[in-house]
Amino acid sequence: MDFGFAQEDQEFRDEARVWLAENVKGATDRRSWERTLGAAGWIGLGWPAAGYGNRTGTLTQQVAWAEEYARSAAPARSGHIGENLLAPTLLLHGTDAQKSRFLPPIAAGEELWCQGYSEPGAGSDLAGIRTTAVREPDGRIHRVTGQKVWTSLAREADWCFVLARTEPGSKRHHGLSFLLVPMDQPGRIEVRPIRQMTGTSDFNEVFFDGAHAEHVVGGEGDGWRVAMSLLGFERGVSTLAQQIGFAEELRTVVRTAVETGAAGDPVVRERLVRQWAELRTMRWNALRTLGGSGGPGAPSVAKLLWAGWHQRLGELAVLVRGAAASAGPADWSVSSPYELDAAQHLFLFSRADTIYGGSDQVQRTIIAERVLGLPREPKGAV
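The working numbering applies: residue 20 is where the sequence shown begins, and numbers increase by one.
Because the hints were derived from the structure by calculation, they are not lab data. It is possible that part of the hints are untrue.
[Unchecked claim] Just the calculated beta-carbon pair ranges, DEER-fashion:
#1 A349 x A69: 46 to 52 angstroms
#2 K44 x F226: 37 to 43 angstroms
#3 E30 x P156: 54 to 60 angstroms
#4 R149 x K44: 23 to 29 angstroms
#5 E233 x R49: 24 to 30 angstroms
#6 S51 x T75: 23 to 29 angstroms
#7 E334 x L78: 31 to 37 angstroms
#8 E30 x G188: 17 to 23 angstroms
Glycine is no exception: its CB is placed at the ideal position from the N, C-alpha and C atoms.
Please model the complete structure; the sequences and the hints are all you need to start from.
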């Protein structure tokens, strides 16, 4: 596509930069920050329709906002799952009643969402899910039973969109439904944090034991189509904002390499230059494919590019530190067995980049089948 910023885009960027500078310092916690964003209309810029308390922006204005947000050191978003995944899905597949009920609270930053897709044994192979949902005799409510895993923000979320099997005996992508489940159901929903090797718990297990769900998006049994639509919204403008953070991480690694003398090693220097060149390539590729112009394989190509790049950057971050990278910034204690500095956290957490959000193997399979037209990989019985 022919991508460029017009004068009105620059004015929009200037407005965003000034607003962020005036408000970021007053941010207290992530939930209150979402309300601050919502009150100013900054949530929902990418929605194709206004009228839910949001303002809308052109594609270039969305890019400008995302880049300025990343540069401002604003708090990490806790409402992005509702804004960027569920909302576009409701606008495409939801009823008018569902849009009226759920979009205004998302735009206001009042209701947070999490994603109930992956399960033990059904992570990358989403069609293998076993969570079930049974409709009650009154026909209004489904009772959801099963387990989801690797669920980001589950402890904070007010709602979860859940892919569940509603047709007994169905297999693979048949007989699934896309349900909206309130998380405040004591005794019926349990959230267990998953402690990672970084020492943090960004992901969770979620157990459903007869949890009620009144809303089905897209109709019962049509969950696979709805779920695939949602996955298509996972990439896009956010990739460009992500690269702003990547660039800052790379600058830190380069600065460390100079300070420690590691930049004097020609092999290290070559790797640093390659990281810089690949990051520029990723930016231009992201701009080229904005708006869906990159074809069906574009999201998978983007995921393969940034996941491997970020993982290699994590390896470089500790390499240029030398032996000092093996020691933590604080002494060991019972309450805090280990503490990581930024480089160590980058190295450990980036090990997961090629797994979550669809592993590298899955992305390559998608490209092989949907773009190159190669024979489909054998799956289980349909």
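Status of each hint after checking the structure:
1. For the hinted restraint 46 to 52 angstroms between A349 and A69, the CB-CB distance of approximately 48 angstroms keeps it satisfied.
2. For the hinted restraint 37 to 43 angstroms between K44 and F226, the CB-CB distance of approximately 39 angstroms keeps it satisfied.
3. For E30 and P156, the hinted distance range of 54 to 60 angstroms is satisfied, since their beta carbons lie about 58 angstroms from each other.
4. Checked against the given bound of 23 to 29 angstroms, the beta carbons of R149 and K44, roughly 47 angstroms apart, lie outside it.
5. Taken as a hint, the range 24 to 30 angstroms holds for the pair E233 and R49, whose Cβ atoms sit roughly 28 angstroms apart.
6. The supplied range of 23 to 29 angstroms is met by S51 and T75, whose beta-carbon atoms lie about 24 angstroms from each other.
7. The hinted window of 31 to 37 angstroms between E334 and L78 holds, with their beta carbons roughly 34 angstroms apart.
8. For E30 paired with G188, a C-beta distance near 58 angstroms fails the hint of 17 to 23 angstroms.
The structure is inconsistent with the numbered hints 4, 8, although it conforms to all the rest.
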